[in-house]
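Asker: Assemble the complex: chain A is given as a structure, and chain B must be docked to it using the hints.
Now for the letters of each chain:
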Amino acid sequence: MLETLKGARRNLVSSASRERYIDAFHWMLLGRTAEEKLVSLWRAGKISGGVYLGKGQEAISSALGVLLKSGDIFGPLIRDQAGRLAFGEPLIDVFRHHFGSSTGLSRGRDGNVHRGNPRKGYQAMISHLGSLISVVAGALLARRFKGDTSAIGATTIGDGGTSTGAFHEAINMAAVEKLPLVVVVVNNQYAFSTPNSRQFACSDLVDRAIGYGVEGHSVDATSLRDCLEVVGYATERARAGHGPQMVVGSCLRLTGHAEHDDAFYMDKSLYQTPLGHDCLRVAENYLQEREWADQALLENWRKSAKEQVEEAAADAQREPLADPSTETWCPYATQRIADALLVR
Amino acid sequence: MTITYLEAIREAQEKALRNDQRVYIYGQDVAAFGGAFKATKNLAKEFPGRILDAPISEDAMVGSAIGAAIEGMRPIIEMQFADFSVAGFNQIVNQAATLFWRTQVACPITIRLPSGGNPGSGPFHSQCLESIYSHFPGLVVMTPATVEDAYTMLLEAVEIDDPVIFCEHKYLYNRLKADSLPETGLPYDTARVARFGRDLTIVTYSAMVHEALAAADQLRKEGIEAEVVDLRCVKPLDVKTILASVARTARLLCVGESWPWGGVNAEVIASVVTQGFHLLDAPPQRINSKDTPVPFHPNLWGAHKPSSQVIAAAARKLHDW
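These protein sequences, in sequence, are chains A and B. So the mapping is simple: our numbering equals the position in the first sequence, first residue as 1, plus 1377. So the mapping is simple: our numbering equals the position in the second sequence, first residue as 1, plus 2.
Next up, chain A with everything else stripped away, as it sits in the complex (with noise of 0.2 Å):
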């Protein structure tokens, strides 16, 4: 069994093409300057509650947006702002959605992270780390309801969520309806201050894979060309029909938890070890390396970067705030039920 997979993996076309790299990289650094100008607006008092970062995640986030097909379902988390600028979030709703624009895709009713467009097959994730799993799943099962096999799924999670009750009950149910889902966890060591060797006791997280019947998948999530091989060779397997993928992707929380946690009691060492490897220095070396861009291209490239953001920032800031004089406060789809709260 194992030697056939080997197999079929190498003869896969290569995810990691010229084009496919620079256009996940292209992703990761937009979404490493929109969370740069975020905490500058927070610290500024501009955004109200916490702002979240991917910092050092970008890596794996994006190469998962990229590999994401038009039609696809995608339920990206906390640290996905790469991902989700690769799945298609158009940049200024970051911004509106953060500063609770009326305009925004919640109004102003939800804010930081919890956003998305499930119209679109973007899920709006909720706080409660396991429970987009099985969000994800449902959808996949519609789709096979509806006659649609070639679309895929594909959510994250944090080491400390693959403790959830959710994350098991989901897993084991989208092996068990062999769904295309793609369940990427990235382990980047601390779940807010908790360390690994207080959330799990098994020496690696992708062995849990072999319990559920689904194919486990190892990578390096601080090498962009990697985390392309690999998690474009899981949502092959999953295209092709094999079911549930998981891949556990390793790398450090180069950030505190949210911007207003300084991540004091982290393990400085770490930094010195791989894992504390930047996946942006890491991918643009790759990309000097590579001779596909060089110092004069990335700056230019940042710059572009800079200037996309501080657009979206400045437009989004131009545009009204949530008004409670005009929010309908109604929790409710059906119409009768909404035109009776709103004669009351």
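In case anyone wonders, no lab produced these hints; they're calculated from the structure. Just to be clear, a hint being listed does not mean it is correct.
[What the hints assert, rightly or not] EDC-like, lysine to aspartate or glutamate: derived pairs with alpha carbons at most 16 Å apart:
#1 A:Lys-1680 - A:Asp-1700
#2 B:Lys-319 - B:Asp-201
#3 A:Lys-1446 - A:Asp-1525
#4 A:Lys-1523 - B:Asp-22
#5 A:Lys-1555 - B:Asp-55
#6 A:Lys-1414 - A:Glu-1684
[Said to hold, decoys possible] Derived coverage of chain B by chain A (criterion: at least 3 residues anywhere in the stretch with Cβ under 8 Å from a Cβ of chain A; other residues may be distant):
#7 72-81
#8 94-104
#9 132-143
#10 161-167
Since the model is a prediction, treat every value here as computed from it, not as a measurement. Virtual Cβ for every residue (Gly too), placed ideally from N, Cα, C.
Answerer: Just chain B now, with coordinates in the frame of chain A:
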């Protein structure tokens, strides 16, 4: 030819499956076995591939229904017992109930909760959870008391665009019978005056409607005419019909099988006191199950939940106040 409350639930599902390709049923033992109570009997044969056995994973059952609903399906989730629905509580109250509010995408799922006690069922197969689900914005909570309502309201539950908690009462499953099923019924959000009376209003729902009606029969013999209002749906709550009844009788007694603290009875009384205090000639009263887990032994269980005798005694006291 008679049809039971349980058969009405099966018939409603059969009709929904026949008329709407978006409908499917997901739950434990619902396919070949036909459900723990046989509410899905033979449906798997009739609708191959649309009745799916689920692993014992209430969280994933509800979560997957939400994802399917986003994609345009109309899932019916059968919880084997209402008591087990709390294992999927997070998905129901945090994901399903908030989806439309957060995203403007509707979440038309129906979650069937076989509710309430039967002799010998004990603490974990007897609960009535309508009060706790009613607390959450975005959920519709139905509590049908008749065969006819079980049928028409379940069809409405599948049709409406919000998540519906459908509390079907196990005690009524095979005890309640009707001659036939109606084509249409009262709208789901409208309470029904099950019996008219001038002396006091008993507001109740689900199986307790029948205890209240039995109490009203007894009271009539004593010269007390009790009006019985069957809420049918506890969220949204038809306060208008309740107030109209209290305006006629000036006395309010609420009866429910769930626990007392902060429940449906409390909400009905709060609504009447805040909106119709001037209508009342006596302090509103409520009867719930005792504030303990549901006991196993029939002797204890019979005394734990409200009975027609207890309701009649409270009604007499209220009448004489």
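Asker: For every hint, state whether the structure bears it out.
Answerer: Hint-by-hint comparison with the structure:
no. : hint                    : verdict
1   : A:Lys-1680 - A:Asp-1700 : violated, 35 Å
2   : B:Lys-319 - B:Asp-201   : holds, 12 Å
3   : A:Lys-1446 - A:Asp-1525 : holds, 14 Å
4   : A:Lys-1523 - B:Asp-22   : holds, 13 Å
5   : A:Lys-1555 - B:Asp-55   : holds, 14 Å
6   : A:Lys-1414 - A:Glu-1684 : holds, 11 Å
7   : 72-81                   : holds (count 5)
8   : 94-104                  : holds (count 8)
9   : 132-143                 : holds (count 3)
10  : 161-167                 : holds (count 3)
Checked against the numbered hints listed earlier, the structure breaks hint 1 alone; every other hint is satisfied.
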